[in-house]
Structures are given as C-alpha cells and as structure tokens.
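Chemist: What follows is each chain in one-letter form.
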Amino acid sequence: MSEKNETREYVPTVIKAGELDPKFKYKMSKMHGAEKVMACFQCGTCTADCPIARFSEFYRPRRIARMVQLGLKDRLLLDKALWLCSSCFTCVDHCPQGVEIAGIVRVLRNMAVADKGILPLVYKELAINLMKSGFVYEIPESRLQKRTEQGLPPLPKPDVSQVMKVFEVTGSAHLLEKVQTFARVESK
Amino acid sequence: MSNPKYLLFLGCVIPYRLSSYEISARKVLAKLGVEIVEMPEYNCCGYPMDVINHELMLTLAARNLCIAEQAGLPILALCNGCFCSLNETNKILKEDKKLREKINSYLKEIGMEFKGTTEVKHLIYVLSEDVGYEKIKNAVTKPLIGIRVAQHSGCHVLRPRKYVGRDDPENPTTLKELIRLTGAECLDYMDETACCGNPIIGVNEDVPFQMAKEKLEHVRAVGAQALITVCPFCHIMFDLNQPRIERAFNEKFNLPVLHYPQLLGLAMGFSLEELAINELRVKPTELLNMVK
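In order, the protein sequences belong to chains H and F.
Using the working numbering, the final residue of the first sequence is 188, and nothing's skipped along the way.
Using the working numbering, the final residue of the second sequence is 480, and nothing's skipped along the way.
FYI, nobody ran anything at the bench for these hints, they're computed from the structure.
Bear in mind the structure is a predicted one, so any value in this text is a computation, not a measurement.
Be aware that one or more of the hints could be misleading.
[As the list claims (entries may be wrong)] In silico EDC-like cross-links for lysine to aspartate or glutamate, where the CA-CA straight-line distance does not exceed 16 Å:
#1 Lys364(F) <-> Glu405(F)
#2 Lys178(H) <-> Glu138(H)
#3 Lys330(F) <-> Asp284(F)
#4 Lys36(H) <-> Asp93(H)
#5 Lys157(H) <-> Glu307(F)
#6 Lys193(F) <-> Glu226(F)
#7 Lys323(F) <-> Asp284(F)
#8 Lys480(F) <-> Glu467(F)
#9 Lys30(H) <-> Asp284(F)
#10 Lys80(H) <-> Glu393(F)
#11 Lys282(F) <-> Glu301(F)
#12 Lys364(F) <-> Asp376(F)
#13 Lys132(H) <-> Glu229(F)
#14 Lys146(H) <-> Asp376(F)
#15 Lys350(F) <-> Glu177(H)
#16 Lys296(F) <-> Glu177(H)
#17 Lys290(F) <-> Glu9(H)
#18 Lys188(H) <-> Glu35(H)
#19 Lys282(F) <-> Glu307(F)
#20 Lys188(H) <-> Glu393(F)
#21 Lys132(H) <-> Asp93(H)
#22 Lys146(H) <-> Glu223(F)
#23 Lys165(H) <-> Glu229(F)
#24 Lys350(F) <-> Glu393(F)
#25 Lys350(F) <-> Glu168(H)
#26 Lys165(H) <-> Glu297(F)
#27 Lys146(H) <-> Asp284(F)
#28 Lys165(H) <-> Glu301(F)
#29 Lys323(F) <-> Glu229(F)
#30 Lys188(H) <-> Asp394(F)
#31 Lys325(F) <-> Glu373(F)
#32 Lys157(H) <-> Glu226(F)
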C-alpha cells in the first residue's frame, strides 16, 4: 500500500473552486442509498475495513464520501476507481454514522452511466445477454442438454419480451445504447 | 407440521457453470423433506444491473418476486447475489411506499404488481430456521468424524445487516453450526468474514486474486482439509480460479472447496456421483479417503 511506500513522492492535487458543485451533496442526499452522506465525519472506519483498499493504492471510500460533500462531481464520476468496490457492505455495517458508503458508490456509478455515458465493458455484455436471454450469461445448448443427462429439470424459458420491456420503461435500454465502455480498471 | 415448500431460484451462474451446487442441494433438500417447486419463467435476479441503474435492478428483482407472490410460495435462493437483490428489493419495496409506487408503475407495463406478500430465504437459513438443526442431525448417517474444515459464508448472506438481519455479520455462526451437524470440525481462522473478491473480477483481476490468496493462506494456516461455501461466486473464486491464483503467486494450496450440501450429503450417505463431487476443480482426495 502507498502508506508503506516511502519512495513515493507526494504531489498535492490542486482543486479549483470552479470545480466544486455546492448543490451536489443535496442532490445525492435525495438518492436512495446515499441519504446520509452529509453525516460522514471522516473517521476512516470504512477505509480501514475495506478489503479493496487493502490491495489498491488509491481506492479509498472515505475520500469518496468527502468528495461528494465537497461537490467534486466530475472527478468522482470520471474516476474509474469508482468501479473497484466489490459491494461487500463491510463499510455499510461498520460506519458509526450510518452512512451507506457502498450505496453512495452505487449511486455514483448510476450517475456515471447516465450523465457521463461510461460503463465497464463486462456490465454491458451482461446486460446484452440479459436482454437477449433473460439470464446474464448465455447458457449454451450443451449445458441444457447436460441438465437432462444429470437428471435435472429443464431450465424455464424466461419471458424475454417482458425483460426487454423492463429495460425500456426504466430507460436502461436507451442508456446502454449510448455508453462508451472500457475494459479494465487499474488498482495501482 | 407440514413440510416446508419453496420456489427454487437458481439464478444465472449456477445453471451456467456450477450444476454441482444445484445437484447436491436438490439431493439433501429432498431427503430432509423440503418440497421444491420449479420457479417458472424467472429472469436474472437483477444484482449485476444495480451498477447500471438501481431502478432496473429493483424492477428485475420485483418481477421475480411477483411470480413468487402469484405462486403463493416463498423463494429459496442458492446464490448469495440472488439472495441479496431479491431479499433487499422485497424489504425495500415493502417499506418504501413511494419507491414501490414507482417500481409498480414499471411493472404495470408487463401486467404485474408487487404486493409484498412473499419472503426470500437463502439455503443456510432454510436449513437452520425452517428445517432445523435437530432434523438435520437425525438425517446424518455417516458422521464425518475427524474431518476438519473451515467455512466461508460470503458477504451477502450476512451483510448489510440492515436488510439481512439474521446471523451476526461480525461473528457468523449459522454455517458453522450446520457444518458441525455433519460430525466434521469447523475451524476458526483469520478474517473469516472477508469478501472473496469475485464481484470485481470483470474489471480487475489483481485485487480479487490477492484477496482470495490471503483467504486461502488463512484457511491453510489452521490446517483445514477443505473450505465450505454457500455461494457460486465465492466457489468459483476459490475452486475454479485456484490454479490461476497458484500460478499468479507461485504458490501451491491444493485446498478443496466444497458446496455445503456436498459436505452434508456425504454425511447423509449419498454417493460421490449423486453429489457431483467429480465436478470440483480441486479434488478432495484426502478428505474422501477419510469418509470411506
């Protein structure tokens, strides 16, 4: 981890006042899962207990909460580290202020998709499979055949038209059409 | 008392690549008198779509819940991810009237309505709460005496506490108790509740591999002969990916990873074929020699 790396030079980040969106925290507070973001007092329990932060040099949940409070919206949404959270919910259970950090990360990811039009490739692929087949993995014919051989009941055929309708009415199909994807997120 | 009856929710990853979990679970549930009804026309639980659009996840999960409501049966999920999204959505929509109205406006387009009349349970809670320890104990005919294993419950059967609210996320005991009923010893190890890392493997392999490697080291350190899981994603991380983790760190673990119903099935006298033990990547040779 970076704290132990003594040779690393510290380069302070300059934040221009114009980058700050003072209304952002209020907008976030209205989103399901991010309601209590303003209660974060930066104790760092989330980061100390985060399994991803243990092995990533820059994924820090505490910093995400602070950046939301400051209104650094664009930096947050464009930072690919946002996609490193494994949603284990340790931070949610351990926060003394009841802030749901994993919920905040999820809200920010939804915003990155909707406002910035970016998404890791893997999720787009899963979504496409889901729209086509009702499952996020396209289950090959050979697998279905094997089920019969193994004495398992046939897999039900999902109602794909209903699934597609859900993608349409929630606006998700439209979002997915225009997203730019990226394959990998660095952790160091 | 009549036998418990559930709709079995398989999700995507179990039929896609982990039928050993399904096969063994069906075997032990049937023997314990749990009645299983196939879930008709279900779709993905919604979990992987939460990152794209929260309302999409809620609506996909709610569609499955509506099917269960129509059938008048609770859902039994084998996968931690499915349990997470279905259980959470069920609780959120029952409590949050405004959000329920919104999701119901989407569901109306496909002729459905969430009413809040069903329940979602994970396999370990069906076994511990509905079947009961006594009944499982009585079904054990070949106690696995002398076998030492460790458990990995996985995140989403424990956390977030707010929605799961069953076992203690800091010191989970349900799976341990279930393991002890088989006659095997369940060993404690460091950081038992730590995540397997699998959820982000699609964007970055380095971090999940380090997380899984650390877990395998901790389990090995206490001398466990196998790790027991109850989630397909955790199982893939520790079993299927174990050779890749070994190569990445130039280590040798050779630690078998069994689905809990496989362990219980062995203690109930099922054969290796009946429990699809041969489908495991890391062969539990030492453990099986002790069972014979």
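Chemist: What are the numbers of the hints that this structure violates, sorted from low to high?
Modeler: 1, 2, 3, 5, 7, 8, 14, 15, 16, 17, 18, 21, 22, 24, 25, 27 and 29
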